[in-house]
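Number of protein chains: 2
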Amino acid sequence: MSTLALTGGRILRPDLTVDRADVLVDQETGKIAEIGPDLADAADETMDATNSLITPGFVNGHCHVAMTLLRGYADDKPLDAWLSEDIWPAEAELTPEAIEAGAELGLLEMIRAGTTGFADMYFSMERVADAVERAGLRARLGHGVISVGKEHEAAREDAETGLAFAREYDGAAEGRIRTAFMPHSLTTVSTEIYEEYVPKARELDVPIHLHANETADEVTPIVDEHGVRPLAYARDLGLLEPQDFLAHGVHVDETEIELLAETDASVVHCPASNMKLASGMAPVQTLRDAGVTVGLGTDGAASNNDLSLLDEARDAAMVGKLAADDAAAVAADTVVELATTGSAEAIGLPAGRLEPGAPADLAVVDLTGAHLTPAHDLVSHLAYAAAASDVRHTICDGRVLMRDREVLTLDANDVRERATAEATALVERAEA
Amino acid sequence: MSTLALTGGRILRPDLTVDRADVLVDQETGKIAEIGPDLADAADETMDATNSLITPGFVNGHCHVAMTLLRGYADDKPLDAWLSEDIWPAEAELTPEAIEAGAELGLLEMIRAGTTGFADMYFSMERVADAVERAGLRARLGHGVISVGKEHEAAREDAETGLAFAREYDGAAEGRIRTAFMPHSLTTVSTEIYEEYVPKARELDVPIHLHANETADEVTPIVDEHGVRPLAYARDLGLLEPQDFLAHGVHVDETEIELLAETDASVVHCPASNMKLASGMAPVQTLRDAGVTVGLGTDGAASNNDLSLLDEARDAAMVGKLAADDAAAVAADTVVELATTGSAEAIGLPAGRLEPGAPADLAVVDLTGAHLTPAHDLVSHLAYAAAASDVRHTICDGRVLMRDREVLTLDANDVRERATAEATALVERAEA
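Chains A and B are the protein sequences, given in the same order. Quick note on numbering: this note's numbering labels position 320 of the first sequence as 320, and the sequence is numbered without any gaps. Quick note on numbering: this note's numbering labels position 366 of the second sequence as 366, and the sequence is numbered without any gaps.
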């Protein structure tokens with residue numbers, strides 16, 4: 001019955017007000033027991049939060065975490081060429097060992113950035129799940145199902161792999177791991193596969209997560225082939241249930257925004273990736289105004305190139321204003337919500353709020369940096385000025401994952417060395 | 001005749017290739033004496049650069065450094081409302097002491113971000129110059145001349161202040177401080193003031209720096225009043241000499257890009273500020289393709305909200321691709337150039353290149369972060385993944401300004417405390 005008190009700091013309340021309070025964590029249940037003044041005496045152990053802001057842990061709503069291995073491997077190319085010329089040839093050489101090493105590197109980076117939960121679509125997901133179990137984060141994981149370029153039977157096998165993973169790993173790591181069925185996108189998975197496997201995923205009662213409306217180029221073929229906009233096609237396939245979440249949602253028209261609002265399916269906005277691949281600007285303010293749940297994701301490190309939700313929040317505010325042609329759009333409070341409650345709701349993980357009874361998933365952000373001085377508005381600082389390196393402590397499910405910048409659940413040097421070796425070997429195989 | 005060797009690291013060459021080499025700094029002359037293997041024995045002192053990349057110090061081409069006092073004070077508003085409702089009323093309450101405290105805070109932040117040179121336009125510039133002298137950076141400083149809302153004689157007085165500062169401070173701080181004549185913009189300074197004072201600035205042989213074509217709203221009145229685009233009007237006023245540099249250049253048409261190329265005047269791109277104020281997207285790739293010298297600036301911290309050139313480089317790449325609708329535009333190597341040689345050339349400071357005989361203005365970037373692993377491409381890492389907090393050491397003019405994250409020329413705690421006190425008092429006066 002161990003309890004931990006975070007003392008001397010300020011906390012970010014669910015309504016985004018900030019006040020001075022200690023936070024008492026019940027490490028047995030993994031939940032916040034109490035928030036209030038002077039909780040040190042009530043705790044078995046204390047952790048210093050002076051000159052710091054205790055925030056909900058950040059939630060990364062869309063990632064391919066093992067792609068850290070390809071960080072900086074190929075930049076400055078549009079999505080299609082980048083995938084076909086660089087990423088897919090390299091990914092064809094991935095081994096389960098490489099994926100586990102890349103995942104650990106990404107988890108290390110996320111813990112160091114105050115991220116406590118994420119959604120991930122990739123391959124060899126049992127290896128990613130193993131890494132998540134050790135690292136201590138919360139995750140919504142799924143095998144990325146692709147049918148393009150495959151015979152129908154091979155595509156069915158891939159979908160079966162996706163279903164089996166979703167079935168077997170849901171609730172793993174003492175409940176920290178949840179799963180989803182993850183068809184890659186509307187253009188890379190056949191109608192037949194959707195028709196057969198969406199009902200099977202519904203039987204498992206897991207959400208469905210896919211890329212949708214990321215580039216203009218992927219909208220046209222769907223309209224040509226099916227005679228409707230992509231999200232109308234998605235709805236016809238049964239893909240827009242309230243628990244489902246779509247990555248990107250850049251090229252959505254008014255009818256599709258309405259459809260998202262009606263169905264309650266969520267969008268995970270990935271501004272850095274959308275900018276870096278010149279995919280476009282998602283209409284985030286319009287989506288929010290329509291009542292659509294919007295989360296925030298980094299996408300893979302190869303198109304970002306980091307996994308910091310604080311960076312992503314700043315990017316979201318910046319590009320959201322350009323998209324709306326309005327400096328008041330996608331304001332500081334909005335992007336802090338996107339990175340916490342927005343993502344948590346979108347991917348269906350129980351996190352994002354600091355209140356008694358909520359999961360103790362939190363980050364403690366050091367406020368003493370010159371770049372965070374003066375302190376007129378701490379929500380503004382989170383949105384526009386704070387960086388991953390300002391995060392002092394990271395706690396997930398009541399467990400301390402990082403203390404004073406030292407990650408406790410992974411050996412940082414070992415993780416970096418293994419990932420470097422796997423990345424080097426991977427690129428050698430791909431270029432052989 | 002003290003010499004300092006940076007040992008065990010890799011260096012970023014002027015052609016943006018990276019190789020292993022030590023750097024020998026002659027602290028007497030402030031210049032790089034030698035670059036090559038095993039220079040430790042040739043030096044009086046060594047500084048560790050293992051697992052690090054030695055880069056040119058970053059150059060911030062456009063700033064209002066004392067505006068750190070207003071960081072996070074007013075966000076999420078368009079330029080006009082933000083200036084008239086929040087920034088100008090607060091600035092009206094600025095004292096020379098407040099400006100010096102804000103400048104020191106900004107200099108502290110810049111040193112910690114590896115910045116060694118910057119251009120600054122503000123008020124009480126003699127106090128900014130004092131802070132620069134102590135902090136040890138290089139700067140191009142000027143008093144911001146404004147005539148809008150003033151009687152002509154008061155505007156002339158302001159211009160005289162600008163001229164006097166440019167005259168008296170050029171070459172201060174052992175030559176690290178250079179000056180410029182800095183009329184605020186084409187719409188906030190009258191034609192009469194330009195006509196009288198541009199020739200006087202030319203007599204002093206200092207560059208002219210102003211804001212230009214930042215928002216669409218500032219183009220229309222110039223076209224209405226003068227019948228030509230803003231940069232044609234600027235040329236007619238004598239403002240586009242090769243040593244002159246314009247901040248922003250967002251809303252420039254083809255004729256204006258051609259004019260910049262012909263006249264050799266430079267543009268300092270401020271992507272974060274342009275996004276945050278929804279001013280628009282500067283056509284950076286088009287400017288570069290036309291042969292225009294482009295630098296990179298943070299603008300003031302109130303519209304950014306940090307002063308890191310690494311953040312700014314990432315922003316420039318991201319929004320540059322959107323502006324060009326091309327993921328290949330404004331590539332990693334381009335933004336690293338913008339942040340180093342581009343800015344140095346634009347603002348006329350002798351920095352930005354690591355080669356023997358060049359000023360020893362450099363930053364040493366730690367490469368061991370999870371977010372900088374693996375190391376496929378270090379130029380990509382500088383552009384897309386490295387953060388201010390990765391900078392270990394900062395050296396300017398041969399002098400060590402920061403060693404192992406400790407700033408040696410300023411007392412960080414003292415600077416933060418003073419700036420906080422001044423910022424709090426300033427806001428109280430403004431809101432009284």
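Source of the hints: derived by calculation from the structure; they are not laboratory data. Remember, it's a predicted structure, so these values are computed and weren't measured experimentally. Be aware that one or more of the hints could be misleading.
Examples of chain B residues lying across from chain A (beta carbon under 7 Å, computed) [claimed, not checked]:
1) I35
2) G36
3) P37
4) D38
5) A40
6) D76
7) F123
8) S124
9) E126
10) H226
11) G227
12) V228
13) N305
14) A331
15) P374
Label-pair ranges, simulated between beta-carbon atoms [as the list claims (entries may be wrong)]:
16) P14(B) / G149(A): 22 to 30 Å
17) E355(A) / P37(B): 53 to 61 Å
18) R429(B) / L16(A): 57 to 65 Å
Glycine included, C-beta positions come from ideal geometry on N, C-alpha and C.
TODO: May I ask which of the numbered hints given earlier this structure violates, with the numbers listed in increasing order?
DONE: 1, 2, 3, 4, 5, 7, 8, 9, 10, 11, 12, 16, 18
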